[in-house]
Every structure is written in structure tokens, then in C-alpha cells.
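Modelling step: build the complete structure from the supplied sequences, incorporating the hints.
In case you want the letters, here they are:
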Amino acid sequence: MKHTISLGALLFALWVLLSGHLEPLLLGFGVLSVIFSLYIARRMDVVDHESHPIHLTFKLLKFWLVLGKKIFQANIDVTLRILGFKAVEPQLIKLKMDQTTDLGKAMYANSITLTPGSASIHMEEGELYVHTISRQGAQDLFDGDIADIIPHDKTSSDTGANQ
Amino acid sequence: MITDILTGVFVSLGCTLGLIGGLGMHRLDDFYARLHAVGVTDTLCSFFILFGLALQTGLSFVTIKLLLIFLFLLFTSPAASFSLANNAWQWGLRPKGTNSEPVSSFNKDAS
Numbered sequence: 001m002k003h004t005i006s007l008g009a010l011l012f013a014l015w016v017l018l019s020g021h022l023e024p025l026l027l028g029f030g031v032l033s034v035i036f037s038l039y040i041a042r043r044m045d046v047v048d049h050e051s052h053p054i055h056l057t058f059k060l061l062k063f064w065l066v067l068g069k070k071i072f073q074a075n076i077d078v079t080l081r082i083l084g085f086k087a088v089e090p091q092l093i094k095l096k097m098d099q100t101t102d103l104g105k106a107m108y109a110n111s112i113t114l115t116p117g118s119a120s121i122h123m124e125e126g127e128l129y130v131h132t133i134s135r136q137g138a139q140d141l142f143d144g145d146i147a148d149i150i151p152h153d154k155t156s157s158d159t160g161a162n163q
Numbered sequence: 164m165i166t167d168i169l170t171g172v173f174v175s176l177g178c179t180l181g182l183i184g185g186l187g188m189h190r191l192d193d194f195y196a197r198l199h200a201v202g203v204t205d206t207l208c209s210f211f212i213l214f215g216l217a218l219q220t221g222l223s224f225v226t227i228k229l230l231l232i233f234l235f236l237l238f239t240s241p242a243a244s245f246s247l248a249n250n251a252w253q254w255g256l257r258p259k260g261t262n263s264e265p266v267s268s269f270n271k272d273a274s
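Chains as they are written, first to last, in my numbering: chain H, 1 to 163; chain S, 164 to 274.
Any given hint might turn out to be false.
[As the list claims (entries may be wrong)] Here are the computed lysine-lysine pairs in the DSSO-like style, where the Cα-Cα straight-line distance is at most 30 Å:
#1 H:Lys96 to S:Lys259
#2 H:Lys86 to H:Lys69
#3 S:Lys228 to H:Lys62
Keep in mind the hints are simulated off the structure, nothing from the lab.
The structure is reproduced here in C-alpha cells:
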């Protein structure tokens, strides 16, 4: 239920910010659309801790900041490699995923893809196949460069399963 | 005046990165390496261009829309990249210049 309320608030804020009108008529339309969207989302059964992780909100903000910094550094590195100032040395590696939940795995794989110079290409049970443009980048991934910043996603279903 | 100059600087930086990304698409060896070049245009290039534009609009509803565009890009571009890469992998395309099977650490393949 709290996910539905939070999603509704978010949708309504989005409506107001995107329309920029504060007349009662348009706000009324906004409320109607939000209610309709919530009804559809509930019916599709997509409103849960996975699609709408409110338990992670503050951790996510920090995660985005750190990831942004890493993306910036990786951009400079890849730019230098494209222009030929550094060598291009492709690597194909296999990473163990410590994340227990689907949300954690998706965040991990997408963070790797979002960082230029490394892209996840395949996923098997607990393993992620990654292609990187440099040996150093691959070594960083082995050392848990990205894995360490993924917020720990603990749900009621897997308490005790994580170490 | 200063914001105009800053906008110019940021948008030019973004365009340069876009050009470099395009250059990388042609210069790099194979499909998987080229994906990394696209990563540059997806992230820092679009950030610089949108940030430069946001300086022009000041703090208004348009800025929020620019920010939302950037957020949607951040969510959709890894999905698109992964979809491309995973399909290539599943259909048997193997990267050039690497082992044909992924290694799980560098110490192992050195011994």
C-alpha cells in the first residue's frame, strides 16, 4: 500500500512539473490521470518493492552520485583510448554476483553497462559475462569497483541468506 | 553573458564527445568494442549538451524537462546496449582479441 501511495505522489508531482499549470481544472485532470494510472499499475501487479524501491531511496541518491563520478572518469579513459593515446586491449571476463535479489543484479549489470569501457553481455545464475575495453578496467571490476557501491537490497524474503 | 559563454563551452564539449564517439564506432575493432564508444555518447556527451541548454533556461519547468530527458536516457541506454550485446552473444558472435570463453580472474590465465 505504501508503494501505491508513494507512486501516486510521484506521478502527481510529475504531472504538475510537466504541465506547469496550477488551475483547478488541470489539477483535477491530473488527479484523474494519476488514479487511472495507479489502477492500471495495480491491475498489472507491477507496484512492489522491485519496481518502486522506496526502501532504498537515500542509498540510491548516494549510489547515483558515486556512479556519476565513475562514469565521468570512465568517459575520459575511453575517449583517450578511442583517440589512440592509450591502448585498446579488449577483455572478456566473468564476474561473480553477490547480489541475491533480481533488483540488485539488474542494478549491478546496468551500472556496468552504463560505465563506458565495460558492458555486460550475458547473465547466468550467479555469473555475469562482461566485455571491457582495457585490462585495467577488467581488473577494477574483479576488485569490486562497481560491486561495492551497489546499495544492499535486502527484502523480507531473503533475510539470513546474505552474509 | 557569462551563462552564454558557459553554454557555448558545455555544448561544444558535448558535441566534441559525440564526434569522438562516432569516430570510435569506426576506429575500434569489433562489435563489442564499438559498444563502448556508444557509451560515451550516451552518458557524458548528452549530459554536457543538456547541461549547457539548462544554463540557458535558468531555473524553470524547461530545466526539469531537460533533467527528465537525461534521467530517461540513463535508464534506457543500458537496456538497449545490453539487448544488442546479449543478442550478439547468444547468436555466437565472439569478441576479437580475447579468449573465446570468459576468464574469472587474471591470475588463473597467467599460470
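Going straight from one Cα to the other, do H:Lys86 and H:Lys69 come out at no more than 30 Å? Holds, at roughly 21 Å.
Keeping to a limit of 30 Å between CA atoms, is the pair of S:Lys228 and H:Lys62 held or broken? 22 Å, holds
Are H:Lys96 and S:Lys259 close enough, with their CA atoms no more than 30 Å apart? 23 Å, holds
When held up to the earlier numbered hints, the structure conflicts with none and fits them all.
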